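One letter stands for each residue in the lines below.
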Amino acid sequence: MKASSSQRFVNLISEILRISPQDVVDTIGMDDISTWDSLSHMQLIVTIESDFGIELSADEIVGMRTIGKIREVLHSKGIEA
Amino acid sequence: MDPSGKLVIVSGGLGSIGSSLADSLAEIGARIAVLDIHEATSASPTPPHPIYHVDLADEHSVASVLEDLVRDLGEPAILVNCAGLIHSEPLVNITNPNQRHHSRETWDAVLRSNLTATFNLSSQVAERMVMKRIRGLVINFSSISAQGNPGQSAYAAAKAGVEALTKVWARELGPFGIRSVAIAPGFIATSSTEAALTKEAIADLKRRTPLMRLGTTEEIFSAVRFAIENDYLTGTTIAINGGLAL
Ligand SMILES: NC(=O)c1ccc[n+]([C@@H]2O[C@H](COP(=O)([O-])OP(=O)(O)OC[C@H]3O[C@@H](n4cnc5c(N)ncnc54)[C@H](O)[C@@H]3O)[C@@H](O)[C@H]2O)c1
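Chains as they are written, first to last, in this note's numbering: chain B, 1 to 81; chain S, 1001 to 1246.
Honestly, the hints are just simulated from the structure, not real lab data.
Keep in mind that a hint or two might mislead.
Here's a subset of chain B near chain S, in silico, CB distances under 10 Å, partners left out [as the list claims (entries may be wrong)]:
{"no.": "1", "residue": "V24"}
{"no.": "2", "residue": "M42"}
{"no.": "3", "residue": "Q43"}
{"no.": "4", "residue": "I45"}
{"no.": "5", "residue": "V46"}
{"no.": "6", "residue": "T47"}
{"no.": "7", "residue": "L56"}
{"no.": "8", "residue": "S57"}
{"no.": "9", "residue": "A58"}
{"no.": "10", "residue": "I61"}
{"no.": "11", "residue": "V62"}
{"no.": "12", "residue": "E72"}
Below, a list of computed lysine to any residue pairs in the SDA-like style, where the Cα atoms sit at most 20 Å apart [unchecked claim]:
{"no.": "13", "chain 1": "S", "residue 1": "K1167", "chain 2": "S", "residue 2": "G1235"}
{"no.": "14", "chain 1": "S", "residue 1": "K1199", "chain 2": "S", "residue 2": "L1244"}
{"no.": "15", "chain 1": "B", "residue 1": "K69", "chain 2": "B", "residue 2": "R18"}
{"no.": "16", "chain 1": "S", "residue 1": "K1132", "chain 2": "B", "residue 2": "I61"}
{"no.": "17", "chain 1": "B", "residue 1": "K77", "chain 2": "B", "residue 2": "Q7"}
{"no.": "18", "chain 1": "S", "residue 1": "K1206", "chain 2": "S", "residue 2": "I1086"}
{"no.": "19", "chain 1": "S", "residue 1": "K1132", "chain 2": "B", "residue 2": "L56"}
{"no.": "20", "chain 1": "S", "residue 1": "K1132", "chain 2": "B", "residue 2": "I19"}
{"no.": "21", "chain 1": "S", "residue 1": "K1132", "chain 2": "B", "residue 2": "I45"}
{"no.": "22", "chain 1": "B", "residue 1": "K69", "chain 2": "B", "residue 2": "H41"}
{"no.": "23", "chain 1": "S", "residue 1": "K1132", "chain 2": "B", "residue 2": "I54"}
{"no.": "24", "chain 1": "S", "residue 1": "K1132", "chain 2": "B", "residue 2": "Q7"}
{"no.": "25", "chain 1": "B", "residue 1": "K69", "chain 2": "S", "residue 2": "M1131"}
{"no.": "26", "chain 1": "B", "residue 1": "K77", "chain 2": "B", "residue 2": "E49"}
{"no.": "27", "chain 1": "S", "residue 1": "K1132", "chain 2": "B", "residue 2": "S40"}
{"no.": "28", "chain 1": "S", "residue 1": "K1132", "chain 2": "B", "residue 2": "V73"}
{"no.": "29", "chain 1": "S", "residue 1": "K1132", "chain 2": "B", "residue 2": "E49"}
{"no.": "30", "chain 1": "S", "residue 1": "K1132", "chain 2": "B", "residue 2": "E55"}
{"no.": "31", "chain 1": "S", "residue 1": "K1132", "chain 2": "S", "residue 2": "T1217"}
{"no.": "32", "chain 1": "B", "residue 1": "K77", "chain 2": "B", "residue 2": "D59"}
{"no.": "33", "chain 1": "S", "residue 1": "K1132", "chain 2": "B", "residue 2": "L44"}
{"no.": "34", "chain 1": "S", "residue 1": "K1132", "chain 2": "B", "residue 2": "E60"}
{"no.": "35", "chain 1": "B", "residue 1": "K69", "chain 2": "B", "residue 2": "D32"}
{"no.": "36", "chain 1": "S", "residue 1": "K1167", "chain 2": "B", "residue 2": "Q43"}
{"no.": "37", "chain 1": "S", "residue 1": "K1206", "chain 2": "S", "residue 2": "T1217"}
{"no.": "38", "chain 1": "B", "residue 1": "K77", "chain 2": "B", "residue 2": "S6"}
{"no.": "39", "chain 1": "S", "residue 1": "K1132", "chain 2": "B", "residue 2": "G63"}
Everything numeric in this text was worked out from a predicted model, so none of it was measured.
All residues carry an ideal CB built from backbone N, CA and C; glycine is no exception.
Using the sequences and the hints given, assemble the complete structure.
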């Protein structure tokens, strides 16, 4: 069975930021996780774009500093995350 | 990448290699913007491309010139970092009682023109490429001297630094589709080579080069063109040196 897009989102975040899937919660942000630095942020953006087939704008990239903000942007593009 | 219609920034574009690259790139359809610290002279006449005067070692000047350039011509897709300063000076010179070791002043000047200039311009252009989602290319100019040419402490260190930056940027910017490639020419038949080396030194270099001659600016262009057109090439240095090993 194919994973739902929200499951894929959690797996992707947990893999790139090297945190457990349970820690992928909206309130967590760049300031809370040491592995979420500017380099892994770039990787996160590019992976989200290719996995979900979207292109993010510069403003969106800059604003996606918490899991909640990333989910908001994805929801605004009609993606369940 | 197909260069036609793309905006290419050529730094050091009034120099021997830079001016020839700018003309050749324009011939294959690229739009050119030249950045250089110098004014055009009779030795380097005004090219038919827009020129922006800037000391690339000064990051604030780079920021303001880039703003003008983008306003005038749009976003660059390719940056060719060709600005540089070729300089020879031994680490220790026992025959010069006034200056027995490599001058700190020339060390700084050589690092500024070759390494800091490349860093300043590339960091600001790469920022634009990332933010504007342009799958661009940065081409850096290293040199065979990066291998450790005796008599060129500052120049060799600066060019080895340029090669290191090329690898770092390939890894950092690769996920965004931005490539970074270095070209390391050997000794090219240019006025800068003539100015930096004596006739005897040039003759000796030709003898030591397996292909028995200096390279040409056309041969450098052919490497630049390859770097532009091959979309799987990144993080590497292309050596164009007639087989010469230092
Ligand atoms: N000519 C060769 O044989 C040779 C060999 C190996 C590597 N290279 C490298 O190729 C590049 C081009 O060499 P070239 O032979 O055309 O040299 P060149 O001296 O003819 O041109 C260099 C240009 O860079 C400009 N420049 C220097 N410092 C600058 C600064 N701070 N800001 C803005 N512009 C600046 C100069 O004004 C000049 O127009 C250089 O990086 C050089 O180190 C050349």
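Compare the structure with the hints numbered earlier in the document and write down the numbers of the violated ones, lowest to highest. 1, 12, 20, 24 and 31
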